[in-house]
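Chains as they are written, first to last, in our numbering: chain A, 1404 to 1761; chain B, -11 to 208.
Simulated from the structure, these hints should not be mistaken for lab results.
Built from N, CA and C at the ideal position, the CB exists for glycine as well.
Careful: at least some of the hints might be erroneous.
Pulled a few chain A residues facing chain B out of the computed Cβ check, cut under 8 Å [unchecked claim]:
| hint | residue |
| --- | --- |
| 1 | S1475 |
| 2 | F1481 |
| 3 | R1490 |
| 4 | H1491 |
| 5 | Y1536 |
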Amino acid sequence: MSIEIRNIQKRFGEFTALDNVSLTVESGELLALLGPSGCGKTTLLRIIAGLETPDAGQVLFAGKDATHTHVSERQVGFVFQHYALFRHMTVFDNVAFGLTVRPRSVRPGREEVRERVMRLLKLVQLDWLADAYPAQLSGGQRQRIALARSLAVEPKVLLLDEPFGALDAKVRKDLRRWLRSLHNDMHITSVFVTHDQEEALEVSDRVVVMDHGHIEQVGTPDEIYDRPATPFVTQFLGDVNLFHGRVDQGHFTLGDFAQPLAEAPAAGGQAVAFVRPHDLEISRAAEGALAHGVVEHIHAVGPIVRVEVAAESSGKPLEAVLTRERYRELALMLGDRVYVRPTRVSVFPAGDAQDYVI
Amino acid sequence: MDAWIDLFRTAWPVLLQGTLYTLMFAVISMVLGLALGFLVALVRVARVPALAQLAAFYVSAMRGTPLLVQIFVIYYGLPGIGIEFDPVTAGVLALTLNVGAYLSESMRGGIAGVDRGQWDAGLSLGLGWWQTMRFVVAPQALRLAVPSLSNSLISLIKDTSLVSVITVTELMLATKEVIAQTFQPLPLYLAAAAIYWVLSASFEQVQRRVEARLNLSYRR
Chain A
1404 MSIEIRNIQK
1414 RFGEFTALDN
1424 VSLTVESGEL
1434 LALLGPSGCG
1444 KTTLLRIIAG
1454 LETPDAGQVL
1464 FAGKDATHTH
1474 VSERQVGFVF
1484 QHYALFRHMT
1494 VFDNVAFGLT
1504 VRPRSVRPGR
1514 EEVRERVMRL
1524 LKLVQLDWLA
1534 DAYPAQLSGG
1544 QRQRIALARS
1554 LAVEPKVLLL
1564 DEPFGALDAK
1574 VRKDLRRWLR
1584 SLHNDMHITS
1594 VFVTHDQEEA
1604 LEVSDRVVVM
1614 DHGHIEQVGT
1624 PDEIYDRPAT
1634 PFVTQFLGDV
1644 NLFHGRVDQG
1654 HFTLGDFAQP
1664 LAEAPAAGGQ
1674 AVAFVRPHDL
1684 EISRAAEGAL
1694 AHGVVEHIHA
1704 VGPIVRVEVA
1714 AESSGKPLEA
1724 VLTRERYREL
1734 ALMLGDRVYV
1744 RPTRVSVFPA
1754 GDAQDYVI
Chain B
-11 MDAWIDLFRT
-1 AWPVLLQGTL
9 YTLMFAVISM
19 VLGLALGFLV
29 ALVRVARVPA
39 LAQLAAFYVS
49 AMRGTPLLVQ
59 IFVIYYGLPG
69 IGIEFDPVTA
79 GVLALTLNVG
89 AYLSESMRGG
99 IAGVDRGQWD
109 AGLSLGLGWW
119 QTMRFVVAPQ
129 ALRLAVPSLS
139 NSLISLIKDT
149 SLVSVITVTE
159 LMLATKEVIA
169 QTFQPLPLYL
179 AAAAIYWVLS
189 ASFEQVQRRV
199 EARLNLSYRR
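Could you build the full structure based on these sequences and the hints that come with them?
Laid out in C-alpha cells, this is it:
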C-alpha cells in the first residue's frame, strides 16, 4: 500500500517539528527517514501511524484520505525504539495479543492464532522463547519479538522508530541485515526512522534526509551518497573536508587549483567544496594539488590508513584515507610535506543549496 | 495477671462482635473504595470534560477535610436537608468516599507511571482506548500502585474506629463499653490496639502475596 503525505505541518508550542512536508512512499518499498535528533523524522512517522495529529495537511493510504482515521483503525504495525513489549505477558501472548483482543466475529480461532504466532516466532527465530517473559530477553531478542507482534495483525504498513537505536553495534548490524532480507521476503511497505546514516544507506530502497522540519533530499542510497543535494546532506552522510574557494566560468578555483564543473553554474562567486577523506589523494608531487601541508597524524586502522595533514594555507587539519598499499608506496612519515588532490568534489555556492557535481 | 485473664474471659464476646463490625466496615469500604477510586482515576486520566474537574474537586475535598468531620456531615448534617442514613450505611459511605479519593490518586499515579509507549503499542495493534487501558495499562499500573494502595487500605482499617462516634458498636465502641462496666482501661485499650495491629498485619500479608504475584513476569 502506498502512502502519500501532503503538506504536513506540525508544531509543538513554539517549536516547528514539521514545516510543509510532502512525501510519497511507494507500495512495497523500504524507506528510511534519516536526520539528526529534532529534525522531525519521528514526528512524521507518528503522524503516518496516527499516534500524532498534524496541524495541517493530509495523509493518504492507497490514495484514500486517512488523516482522521484513528490509529487503531489504520492497520499499521509500529515498532518502537524501546520495544514497548507488554511486560506482564509472555512472548507468545505478546505476539498473539493483537489477534486475541479482536471482536469475536473477526477473531481467528484458537488453533489459527497459535499457528500464526508460532510461524512468526519461527520467522524471527525465537520460537524457543514462546513461554518467556520480556524481562528475560536480551535487547535484540525483544526487538525481534516486537517486530513479530506488529506483524501478527497483518498490517498494511510497517513503521519502525529507531528500531535498532538501543542495541549494541554488533547486534544492530545483524538485525539490520536481517530486516533487509525480511523485507525482501514480505514486501510490506515500510518506513523506518534512524539517525545512523550507515544504517539508512545499507538497509533502505530510498532515503529521505531531513533537517529542521523539512526534507533536504529524497533518493536511493547511491544518489544520496554520490550526489548530495545540499551542504547539509553532504556533511550529515559522513566525514568531509571543507575548502572555501570561488566559482568562475564553470570552474571551481582555489589558488592555483582549478577544476571544471559538470554543470555550469549560473553565476560565479564564493563557493565551498566538500571532499570525502577517501576522495582525497596524497602525493609528493605538486601537480593538480588543492592544498599542501605537513603530515600530523597517521592512524593505521585495519585495511585502511587515516592520515591527517595540517594544511599550510588554512592551518586546519585535512583528513585523507589511503589503502595500505598506497601508504606503503608513499612511505609516509610524520612531518613529511605532502600535496592533496581531490578525485571527487561537491561544490555549493557559499550560502546557497544549489549543487553542481563534477 | 490472673485478673487480666478473667477480664478478657468476660470481655471477649463483646470485643469479637466489635472486631467483626470493624472487619465488615473495612472490607466493604475497601471494595467500594477501590471501585470508586478506579472510576475517579479513569475519569481524570481520560480527561472527560466536566466530570474530570468534578472528580478533581471531590478528591481535593476528601483529602482536605478530616474524616471525622465527613462522618458528622453525612450522619448528623445531611438529615437537615432530608437525607437520612442508618449509622452503618453512613459509616460505610463516609469511609468509602474518603478512601476512594486516596485510592484514586494512587491509581492515577500508577497509570501515569506506565510508559507512554505501552499506550502507543496497544493502539497501533488495533485496540481502542478502553481495551488498551484494561488489558495493557491497568495490569501494569496495578503493580506500580500496590504499595501506595496498601498504605491507604491499612489506614482504612484503623480509620474504621472513627465511626464509633455515630453509635456503631465496632471494635472501638465495644471496647469503651466494656471499659465502662469494668473500669479497666489499660488492658482493654491494649487489647483493642493488638486486634487492630493483627488485622493490619494480616492485610500486609495479603499485600505481599499480591506483590509477589504481580512481580512474577518481572523476574529474570
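Right, here's what the structure says about each hint:
1. A least Cβ separation of about 5 Å between A/S1475 and chain B falls short of the 8 Å threshold, and the interface hint therefore holds.
2. Interface hint at A/F1481: satisfied, since its Cβ lies 4 Å from the closest Cβ of chain B, which is below the 8 Å cut-off.
3. Below 8 Å, beta-carbon pairs count as interface contacts, and A/R1490 has one with chain B at about 6 Å; its hint therefore holds.
4. Taking 8 Å as the C-beta cut-off, the interface hint given for A/H1491 holds, the closest approach to chain B being about 5 Å.
5. With 8 Å as the threshold, the beta carbon of A/Y1536 comes within range of chain B, its nearest partner Cβ sitting at about 4 Å, so the hint holds.
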